[in-house]
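A.B. asks: Sequence:
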Amino acid sequence: MIKFDIITIFPELVKAFSQESLLKKAQEKKLLKIGVHNLRDWAQDRHKKVDDKPFGGGLGMVFKIEPLYRAVQSLKTNRLNGGPPTRRKTKIILFTPRGKKFTQQKAEELIKNKHLIFLCGRYEGIDERVAKHIANEELSIGDYVLMGGEIPAMAVIETIARLIPGVVGKPSFLKERRLSVKKGQKQGFLEYPQYTRPEVFEPLPSSRKAGLRRAKWKVPKILLSGNHKKIEEWKRKRGRIIEK
1 MIKFDIITIF PELVKAFSQE SLLKKAQEKK LLKIGVHNLR DWAQDRHKKV
51 DDKPFGGGLG MVFKIEPLYR AVQSLKTNRL NGGPPTRRKT KIILFTPRGK
101 KFTQQKAEEL IKNKHLIFLC GRYEGIDERV AKHIANEELS IGDYVLMGGE
151 IPAMAVIETI ARLIPGVVGK PSFLKERRLS VKKGQKQGFL EYPQYTRPEV
201 FEPLPSSRKA GLRRAKWKVP KILLSGNHKK IEEWKRKRGR IIEK
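According to the UniProt record's numbering, the sequence shown is numbered sequentially starting from 1.
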């Protein structure tokens, strides 16, 4: 079973995410475990302060190294709540805009770990010594800057969770998408158009088009044919390759 530990100053934000839908069911079935931890629990002053002004000046506050170090050490050794010591291999990931781009291939690498600790920064960031000496890897989910690392952490958890047998239902649900697409020697996932009922949808005409013939948005006939071979060909032709 894979264990995710998320260190954040907004634990309720992540707890709400982890206790809904398939992630909740996966935890109930003991397919994975998600622990959400408030960084302030490892602060040692009465104000539970976890940030401070940056040396050399700057626009905002920076997360201090001490509480993050204590949090990681506690979670790595399973000392939280007096749990028994553990030697399981742990990978520590820090989410930063400069980090390596998270991909499906990276998700397939990370699922091989039994324990993942995610460090979620806020404000102006985290003391650089955390990246240098504590985190094993820095990840980014895109070429943009968010307010914190919680959304990247949730995206990574959901992507990895989908790969765990039993989380999304039948194995065929994943196998259908995890196609080896030989097009220009690219390998990846095939994302194709999908439709459901009704077969024909008639939108209401706008006031400017009153009196005109109503449009009919139809499902492609091939998908209604029952010819599975031709349907698979249609999916491949109209699908978009999402590279690994």
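Please keep in mind that the hints were generated in silico from the structure rather than gathered at the bench.
One or more hints might be untrue.
Here are the computed distance ranges between Cβ atoms for each label pair [claimed, not checked]:
(1) Tyr144 x Lys91: 21 to 31 Å
(2) Gly148 x Gly57: 32 to 42 Å
(3) Gly148 x Lys89: 20 to 30 Å
(4) Ile65 x Lys229: 38 to 48 Å
(5) Ile231 x Arg129: 53 to 63 Å
(6) Leu59 x Pro203: 24 to 34 Å
(7) Ala215 x Gly58: 48 to 58 Å
(8) Glu28 x Leu59: 41 to 51 Å
Under the rule of at most 20 Å between Cα atoms (straight-line distance), these lysine to aspartate or glutamate pairs were calculated in the EDC-like manner [to be verified]:
(9) Lys64 x Asp45
(10) Lys3 x Glu124
(11) Lys76 x Asp52
(12) Lys89 x Glu124
(13) Lys230 x Glu202
(14) Lys49 x Glu66
(15) Lys24 x Glu158
(16) Lys33 x Asp45
(17) Lys114 x Glu158
(18) Lys25 x Glu124
(19) Lys53 x Glu66
(20) Lys33 x Glu66
(21) Lys33 x Glu109
(22) Lys29 x Asp45
(23) Lys33 x Glu124
(24) Lys101 x Asp45
(25) Lys30 x Glu158
(26) Lys114 x Asp143
(27) Lys48 x Glu124
No residue lacks a Cβ here, since even glycine has one placed at the ideal position from N, Cα and C.
A.B. asks: Each hint needs a verdict: does it hold in this structure or not?
C.D. replies: Status of each hint after checking the structure:
{"no.": "1", "hint": "Tyr144 x Lys91: 21 to 31 Å", "verdict": "holds (25 Å)"}
{"no.": "2", "hint": "Gly148 x Gly57: 32 to 42 Å", "verdict": "violated (22 Å)"}
{"no.": "3", "hint": "Gly148 x Lys89: 20 to 30 Å", "verdict": "holds (27 Å)"}
{"no.": "4", "hint": "Ile65 x Lys229: 38 to 48 Å", "verdict": "violated (60 Å)"}
{"no.": "5", "hint": "Ile231 x Arg129: 53 to 63 Å", "verdict": "holds (55 Å)"}
{"no.": "6", "hint": "Leu59 x Pro203: 24 to 34 Å", "verdict": "violated (48 Å)"}
{"no.": "7", "hint": "Ala215 x Gly58: 48 to 58 Å", "verdict": "holds (55 Å)"}
{"no.": "8", "hint": "Glu28 x Leu59: 41 to 51 Å", "verdict": "holds (44 Å)"}
{"no.": "9", "hint": "Lys64 x Asp45", "verdict": "holds (13 Å)"}
{"no.": "10", "hint": "Lys3 x Glu124", "verdict": "violated (28 Å)"}
{"no.": "11", "hint": "Lys76 x Asp52", "verdict": "violated (25 Å)"}
{"no.": "12", "hint": "Lys89 x Glu124", "verdict": "violated (30 Å)"}
{"no.": "13", "hint": "Lys230 x Glu202", "verdict": "violated (27 Å)"}
{"no.": "14", "hint": "Lys49 x Glu66", "verdict": "holds (11 Å)"}
{"no.": "15", "hint": "Lys24 x Glu158", "verdict": "holds (11 Å)"}
{"no.": "16", "hint": "Lys33 x Asp45", "verdict": "violated (30 Å)"}
{"no.": "17", "hint": "Lys114 x Glu158", "verdict": "holds (16 Å)"}
{"no.": "18", "hint": "Lys25 x Glu124", "verdict": "violated (36 Å)"}
{"no.": "19", "hint": "Lys53 x Glu66", "verdict": "holds (14 Å)"}
{"no.": "20", "hint": "Lys33 x Glu66", "verdict": "violated (26 Å)"}
{"no.": "21", "hint": "Lys33 x Glu109", "verdict": "holds (18 Å)"}
{"no.": "22", "hint": "Lys29 x Asp45", "verdict": "violated (39 Å)"}
{"no.": "23", "hint": "Lys33 x Glu124", "verdict": "violated (30 Å)"}
{"no.": "24", "hint": "Lys101 x Asp45", "verdict": "violated (36 Å)"}
{"no.": "25", "hint": "Lys30 x Glu158", "verdict": "holds (16 Å)"}
{"no.": "26", "hint": "Lys114 x Asp143", "verdict": "violated (29 Å)"}
{"no.": "27", "hint": "Lys48 x Glu124", "verdict": "holds (18 Å)"}
Hints 2, 4, 6, 10, 11, 12, 13, 16, 18, 20, 22, 23, 24, 26, counting from the list given before, are not met by this structure.
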